[in-house]
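The listed protein sequences correspond, in order, to chains A and B. Just add 1 to wherever you are in the first sequence, counting from 1, and you've got our numbering. Just add 21 to wherever you are in the second sequence, counting from 1, and you've got our numbering.
No lab work stands behind these hints, which were simulated from the structure alone. All values reported here derive from a predicted model rather than from experimental measurement. Do not rely on the hints blindly, as some may be mistaken.
Said to hold, decoys possible - In silico DSS-like pairs for lysine-lysine, Cα to Cα no more than 30 angstroms straight-line:
no.	chain 1	residue 1	chain 2	residue 2
1	A	Lys58	B	Lys24
2	A	Lys72	A	Lys10
3	B	Lys24	B	Lys91
4	A	Lys15	A	Lys58
5	A	Lys72	B	Lys91
6	B	Lys24	B	Lys94
7	B	Lys91	B	Lys37
8	A	Lys58	B	Lys94
9	B	Lys37	B	Lys136
10	B	Lys94	B	Lys37
11	A	Lys58	B	Lys91
12	A	Lys72	A	Lys58
To be verified - DEER-style ranges, computed between Cβ atoms:
no.	chain 1	residue 1	chain 2	residue 2	range
13	B	Ser49	A	Asn66	39 to 47 angstroms
14	B	Ser52	A	Pro9	36 to 44 angstroms
15	A	Gly54	B	Lys37	36 to 44 angstroms
16	B	Lys37	A	Lys15	46 to 54 angstroms
17	A	Gly54	B	Ser52	34 to 42 angstroms
18	A	Ser52	B	Lys94	42 to 50 angstroms
19	B	Lys94	A	Ala83	33 to 41 angstroms
20	A	Lys58	B	Ser49	13 to 21 angstroms
21	A	Thr8	B	Arg84	42 to 50 angstroms
22	A	Met28	B	Gln77	39 to 47 angstroms
23	A	Ser108	B	Tyr85	31 to 39 angstroms
24	A	Pro40	B	Phe68	19 to 27 angstroms
All residues carry an ideal CB built from backbone N, CA and C; glycine is no exception.
What follows is each chain in one-letter form.
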Amino acid sequence: NAGVTQTPKFQVLKTGQSMTLQCAQDMNHNSMYWYRQDPGMGLRLIYYSASEGTTDKGEVPNGYNVSRLNKREFSLRLESAAPSQTSVYFCASSEPRTGAEKLFFGSGTQLSVL
Amino acid sequence: AQKITQTQPGMFVQEKEAVTLDCTYDTSDPSYGLFWYKQPSSGEMIFLIYQGSYDQQNATEGRYSLNFQKARKSANLVISASQLGDSAMYFCAMREGGTGGFKTIFGAGTRLFVKA
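Model the full assembly from the supplied sequences, consistent with the hints where possible.
Next up, the structure:
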């Protein structure tokens, strides 16, 4: 059981380049999330999708777009990367209706923008 | 507005002793959930414990317990009999509902150092 799979694991971009981070989960979860973690800091919510077909802004959405492609996949796009977007990005999923709806995390993507 | 506050950037504890990591939260949603996650130096996020806002008893999971004081809006994590492997970052998180559905937000974290 793979859980939450993120690709790529590492990426280096130049300022102004675009890229898409991919995330897929195989647990049939309704909710999916994108977080960023800057060095020595907590996770900040970028966007989330409570269910297929819906997306909402989190705490730090500026500079990002998301697509909930289907129930399994939730992608994060940087249209014009900036050095301030250098961070580790985590995708996560959960099933809110189970009660103790803990987050299942991917292994993270380390992104550097030069 | 800060919704999850962890006031201890770093904590030291002697091996085999107990340690309490503080967390306070703010929400107007009557239904919410509180979580603690551990992040070792390898970077993965590990779920430790969950407390629902309507749960009457404090949650426990092995050496982890959550001291839930609803009126004070605090959800402190207690680790008993600390081990060297407990050295890590610890994050308090809160799930709350909203018009867009449920979302979970995190505090800034506490780095725990366990001394031999």
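Structure-based check of each hint:
{"no.": "1", "hint": "Lys58(A) - Lys24(B)", "verdict": "holds (16 angstroms)"}
{"no.": "2", "hint": "Lys72(A) - Lys10(A)", "verdict": "holds (22 angstroms)"}
{"no.": "3", "hint": "Lys24(B) - Lys91(B)", "verdict": "holds (15 angstroms)"}
{"no.": "4", "hint": "Lys15(A) - Lys58(A)", "verdict": "holds (25 angstroms)"}
{"no.": "5", "hint": "Lys72(A) - Lys91(B)", "verdict": "violated (35 angstroms)"}
{"no.": "6", "hint": "Lys24(B) - Lys94(B)", "verdict": "holds (11 angstroms)"}
{"no.": "7", "hint": "Lys91(B) - Lys37(B)", "verdict": "holds (29 angstroms)"}
{"no.": "8", "hint": "Lys58(A) - Lys94(B)", "verdict": "holds (25 angstroms)"}
{"no.": "9", "hint": "Lys37(B) - Lys136(B)", "verdict": "holds (9 angstroms)"}
{"no.": "10", "hint": "Lys94(B) - Lys37(B)", "verdict": "holds (29 angstroms)"}
{"no.": "11", "hint": "Lys58(A) - Lys91(B)", "verdict": "holds (28 angstroms)"}
{"no.": "12", "hint": "Lys72(A) - Lys58(A)", "verdict": "holds (18 angstroms)"}
{"no.": "13", "hint": "Ser49(B) - Asn66(A): 39 to 47 angstroms", "verdict": "violated (29 angstroms)"}
{"no.": "14", "hint": "Ser52(B) - Pro9(A): 36 to 44 angstroms", "verdict": "holds (37 angstroms)"}
{"no.": "15", "hint": "Gly54(A) - Lys37(B): 36 to 44 angstroms", "verdict": "violated (51 angstroms)"}
{"no.": "16", "hint": "Lys37(B) - Lys15(A): 46 to 54 angstroms", "verdict": "holds (50 angstroms)"}
{"no.": "17", "hint": "Gly54(A) - Ser52(B): 34 to 42 angstroms", "verdict": "violated (23 angstroms)"}
{"no.": "18", "hint": "Ser52(A) - Lys94(B): 42 to 50 angstroms", "verdict": "violated (29 angstroms)"}
{"no.": "19", "hint": "Lys94(B) - Ala83(A): 33 to 41 angstroms", "verdict": "holds (36 angstroms)"}
{"no.": "20", "hint": "Lys58(A) - Ser49(B): 13 to 21 angstroms", "verdict": "holds (19 angstroms)"}
{"no.": "21", "hint": "Thr8(A) - Arg84(B): 42 to 50 angstroms", "verdict": "violated (35 angstroms)"}
{"no.": "22", "hint": "Met28(A) - Gln77(B): 39 to 47 angstroms", "verdict": "violated (29 angstroms)"}
{"no.": "23", "hint": "Ser108(A) - Tyr85(B): 31 to 39 angstroms", "verdict": "violated (23 angstroms)"}
{"no.": "24", "hint": "Pro40(A) - Phe68(B): 19 to 27 angstroms", "verdict": "holds (23 angstroms)"}
Hint violations for this structure: numbers 5, 13, 15, 17, 18, 21, 22 and 23, all remaining hints satisfied.
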